Amino acid sequence: MSIHVKSMDVKDIIKEENLVYRKSPLMTDNVLSYCPGCGHGTVHNIIAEVIEELGIQSNTIGVAPVGCSVLAYEFIHIDWLQAAHGRAPAVATGLKRVMPDKYIFTYQGDGDLAAIGTNETIHVCNRGEHITIIFINNGIYGMTGGQMAPTTLEGMVSSTSPYGRDVSTMGNPIKITELVAQLPGTYYVTRQAVHKPGNVRKTKKAIRKAFENQELKKGVSFVEVVSNCNSGWKMTPVKANKWMEENMFVFYPLGDIKVDGELVK
Amino acid sequence: MKKEFRLLKGNEAVAEAAIRAGADAYFGYPITPQSEVLEYLMLEKPEERTGMVVLQAESELAAINMVFGAAGAGRRVITSSSSPGISLFQEGISYIASAELPCVIVNVVRGGPGLGTIQPSQADYFQATKGGGHGDYHMLVLAPAFVQEMADFVPLGFKLAFKYRTPVMILTDGLIGQMMEKVELFEQIPRATEFDQDWVATGKTPDRERNIITSLDLQADQMEKRNHRLQAKYKKMQEEEVRFEEIACEDAEYLMVAYGSSARICQKTVQLARDRGIKAGLLRPITLYPFPSNYLQAKAETVKGILSVEMNAGQMIEDVRLAVNGKIPVEHYGRFGGMVHSPNEVMEAFEEKIVKP
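Residue numbers (the working numbering), protein chains in the order written: chain A, 1 to 265; chain B, 1 to 357.
Treat the hints as calculated values from the structure; they're not laboratory data. Accuracy of the hints is not assured; some may be wrong.
[Unchecked claim] Cβ-Cβ distance ranges computed for the label pairs, FRET-style:
#1 A:G145 with B:Q231: 55 to 63 Å
#2 B:L218 with A:P197: 30 to 38 Å
#3 B:E47 with A:N247: 32 to 40 Å
#4 B:G51 with A:E212: 23 to 31 Å
#5 B:Q231 with A:V31: 27 to 35 Å
#6 A:G55 with B:L43: 35 to 43 Å
#7 A:E154 with B:K159: 50 to 58 Å
#8 A:P162 with B:L218: 52 to 60 Å
#9 B:L43 with A:T118: 27 to 35 Å
In this text the structure is predicted, and so the values were computed from the model without any measurement. Note that the Cβ used here is the ideal one computed from N, Cα and C, for glycine as well.
Generate coordinates for the entire structure from the input sequences, incorporating the hints supplied.
Shown next as structure tokens:
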């Protein structure tokens with residue numbers, strides 16, 4: 001008895017309708033400095049795709065402050081300013097005020113946005129600058145080697161909370177995204193993830209909306225992406241994603257918080 | 001064209017000059033004794049006059065980083081503060097110097113350290129001329145002594161800031177900031193509408209490479225290169241930008257060196273000394289960085305002693321001593337902590353420390 005097995009060709013898989021992810025032409029050929037399994041590269045590619053699809057490369061300026069993503073300018077093929085730790089919203093304000101018709105976005109980590117730069121974050125959101133903030137929350141300081149972040153969960157182990165975060169002495173994880181949603185200057189606030197194709201699609205939709213909103217001049221569009229830091233968390237990428245779903249998403253639930261200036265959650 | 005004169009405070013002169021110099025933006029935070037800069041600008045509505053943006057920031061940290069952003073777009077940006085606020089600027093100034101961005105920063109100095117006083121002082125000389133923040137860098141520092149110069153140094157500051165792509169500081173104090181004098185105002189300079197500088201981050205167009213404004217070079221050899229570029233700039237400034245005023249220096253046997261408010265006071269002391277038959281002169285450095293070292297080095301051949309008269313405990317004296325390199329005695333005199341010396345007090349010190357020994 002012979003069984004006829006039709007061998008599957010790679011061409012049968014690579015079809016337009018199966019395309020979730022491709023390298024945007026606005027991504028440079030520089031080798032990503034991020035760890036394998038990290039979400040930064042995916043979010044970079046989404047931003048590059050959105051800029052490409054909106055056709056706004058010549059009108060977009062990114063601001064990357066200190067953290068793993070300080071080198072974002074190496075990877076997305078647009079004009080960039082590298083900012084001091086926490087100060088990206090102020091730098092973006094300076095850019096936007098002198099170039100009100102350009103698309104200005106910041107790309108910030110949790111330590112940057114919710115610890116050292118909290119003041120700038122709150123005030124840029126309260127003034128309602130017409131900018132986009134992309135906030136990567138992985139609950140840890142990645143670049144400096146895995147120290148406790150403002151968003152580190154209770155009990156979570158890091159190199160500066162080696163016995164787990166004790167909220168009675170180390171303070172509580174901060175939900176900065178819910179906080180800025182309360183401010184009148186934010187127009188769109190959402191929390192997404194990029195660990196699965198479905199989430200990548202949703203995040204792309206959110207980031208596209210966050211850029212398009214700049215045309216309306218109605219305030220800050222704020223997209224949090226809950227991401228993993230498998231090297232900082234000391235886990236394999238697969239385990240890190242599972243841990244993220246089971247722990248991070250419980251405390252930082254995904255979904256829209258404010259849409260078109262109205263709180264939805 | 002009829003000349004336009006106004007009676008203005010030093011701080012108001014800075015603000016009016018910023019509008020007239022065609023500044024694109026001012027970002028600042030209130031602090032005594034310089035709040036009139038922001039107040040004047042808000043009252044004057046420069047957005048309507050020239051399209052200039054004025055924004056009150058949430059802190060000096062934010063203000064200097066707004067400057068960083070707008071300067072990165074190639075705009076003419078100015079900010080102002082006073083000593084404690086300037087300390088908060090330092091991180092941003094270091095980044096601005098490293099990223100080679102032009103801007104003008106006005107420091108209306110008050111007594112320190114700490115919260116100090118709100119009275120005038122020159123105690124921020126070190127901070128202004130030696131760098132102030134982290135890393136090997138300098139600002140080009142202009143020291144006005146008159147309200148007229150408070151106005152005139154704004155367009156000069158922009159010119160130098162763009163020539164060298166460097167932060168320029170106008171180092172003044174609460175005395176000149178608050179004092180009213182007659183000012184001849186220069187005519188409106190148009191704001192630049194085209195940004196033909198090749199380094200600006202205004203959006204990558206197909207006709208040029210993309211621009212990245214950064215202060216980061218992870219590779220040490222690249223960072224050393226950047227530092228060499230900065231040092232070359234400072235050397236050029238030392239060769240081309242030294243500015244000073246000589247008052248009765250030609251036949252002087254004894255010299256005072258003083259800048260800003262202290263120079264105004266010492267001008268009177270020169271008269272007092274000459275009345276007593278002492279051949280006194282005054283060198284007023286107008287640029288504190290680059291410092292008129294060559295002038296003083298040459299002068300050390302003919303004068304017998306120098307008094308560095310500063311409203312601090314002795315800071316500029318180090319640059320004076322370096323310039324004369326031990327050839328002649330150099331002493332310091334000055335009141336500080338917000339106190340201002342009188343011409344007679346300087347005269348006494350001059351006789352006691354320089355003329356008599």
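Hints, one by one, checked against the model:
The supplied range of 55 to 63 Å is broken by G145 of chain A and Q231 of chain B, whose beta-carbon atoms lie about 33 Å from each other. Checked against the hint of 30 to 38 Å, the pair L218 of chain B and P197 of chain A passes, with Cβ atoms roughly 33 Å apart. In this structure the hint that E47 of chain B and N247 of chain A lie 32 to 40 Å apart at CB is violated, the actual value being about 49 Å. A beta carbon spacing of about 27 Å between G51 of chain B and E212 of chain A agrees with the range 23 to 31 Å that was offered as a hint.
At roughly 32 Å, the beta carbons of Q231 of chain B and V31 of chain A sit within the given window of 27 to 35 Å. G55 of chain A and L43 of chain B have their C-beta atoms about 42 Å apart, which keeps the hinted 35 to 43 Å range intact. Between E154 of chain A and K159 of chain B the beta carbons are some 56 Å apart, a value that agrees with the proposed interval 50 to 58 Å. Range check, P162 of chain A to L218 of chain B: Cβ separation about 28 Å, and the 52 to 60 Å hint is violated.
At about 32 Å, the CB distance of L43 of chain B to T118 of chain A agrees with the hint of 27 to 35 Å.
Hint compliance for this structure: hints 1, 3, 8 are broken, all remaining hints hold.
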